[in-house]
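All chains should be modelled from the sequences, with the hints used to inform the complete structure.
When the letters of the sequence shown are read in order and numbered with the UniProt record's numbering, they come out as residues 1 to 281.
It is worth saying that the hints were derived from the structure and are not from the lab. For each residue, glycine too, the CB sits at the ideal point set by N, CA and C. Any given hint could turn out to be false.
Unchecked claim - The calculated label-pair distances, taken between Cβ atoms and stated as ranges, are:
no., residue 1, residue 2, range
1, 90, 172, 46 to 56 Å
2, 65, 110, 45 to 55 Å
3, 246, 149, 37 to 47 Å
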Amino acid sequence: MTPAPAPRELGAFLKARRAQLAPQDLGLPETDSHRKVAGLRRQEVAQLAAISVDYYTRLEQGRVRASESVLATLARALRLDDDQQKYLYELAGRSDARPRRRRGPAQRMRPAMRRLLDQLTGTPAVVLGKRMDILAWNVAAAALFTDFSLTPPGRRNYVRLLFTDPVVRDMHREWEHDARDAVAALRMEAAADPDDPELAQLVGELSVQDADFRTWWAEHRVNNLSYGTKHYRHRLVGDLTLDCDVWSSPDGSGQRLMVLTAEPDTPSHDALRILTAWTAE
Numbered sequence: 001m002t003p004a005p006a007p008r009e010l011g012a013f014l015k016a017r018r019a020q021l022a023p024q025d026l027g028l029p030e031t032d033s034h035r036k037v038a039g040l041r042r043q044e045v046a047q048l049a050a051i052s053v054d055y056y057t058r059l060e061q062g063r064v065r066a067s068e069s070v071l072a073t074l075a076r077a078l079r080l081d082d083d084q085q086k087y088l089y090e091l092a093g094r095s096d097a098r099p100r101r102r103r104g105p106a107q108r109m110r111p112a113m114r115r116l117l118d119q120l121t122g123t124p125a126v127v128l129g130k131r132m133d134i135l136a137w138n139v140a141a142a143a144l145f146t147d148f149s150l151t152p153p154g155r156r157n158y159v160r161l162l163f164t165d166p167v168v169r170d171m172h173r174e175w176e177h178d179a180r181d182a183v184a185a186l187r188m189e190a191a192a193d194p195d196d197p198e199l200a201q202l203v204g205e206l207s208v209q210d211a212d213f214r215t216w217w218a219e220h221r222v223n224n225l226s227y228g229t230k231h232y233r234h235r236l237v238g239d240l241t242l243d244c245d246v247w248s249s250p251d252g253s254g255q256r257l258m259v260l261t262a263e264p265d266t267p268s269h270d271a272l273r274i275l276t277a278w279t280a281e
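As structure tokens, then:
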């Protein structure tokens, strides 16, 4: 027989755990240097776990029993290790429902994809993996967007950069359109793998950091990122209008090659040639 839940002890554990975490531990902005609460606020934990602040408050106060799905999202949001997860589920009276920790395999590029990327010397190209992580890029892509090598590997994500990197954000002349499309594409990823802990962490982080992301994610709009026209404003060569095509790898890995090209005999074509020539030099 499952033991009765101990809601007060569960609330005490949640409160203690969030007090141990600083915003920067989770990649969140520390906007207030005079925080009255040690660690994370209730609102921040609720947003990271994609639940309402009211529901999370009632959990801490012992006025509601947590569902299995909420426990799973809280475990991810609060970065609980295996022992802490076990303790969380036991306090909630759901020890039999505790899921095993799932760690996805490292994303590795196919050699053929790497060769193709290297051969596109005059065309910006990026390899996107799961969650739209940036796995690789060529020199032209770094010249167009930003030097991705300066971003820690664990934070090289197309959607994250679109919302949090000032250089990447400002170069999009139609940022709202492009950002909403990216959120919709990320929604498709969530439908394919709803239990991906890294995706849940990314969504929670951006939901806390950006009100637009939080609003657009809640709309449940979806699309399959495949092609379109992008309008950029580059700090060196000015305005660019580029065709964006995304090609899926045939091996079922979910990896995609994003290529940006300009129509011949246009100012954008000339500007792209100048940009790649400077990069080559």
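Here is how each hint holds up against the structure:
no. : hint                  : result
1   : 90 - 172: 46 to 56 Å  : holds, 48 Å
2   : 65 - 110: 45 to 55 Å  : holds, 47 Å
3   : 246 - 149: 37 to 47 Å : violated, 22 Å
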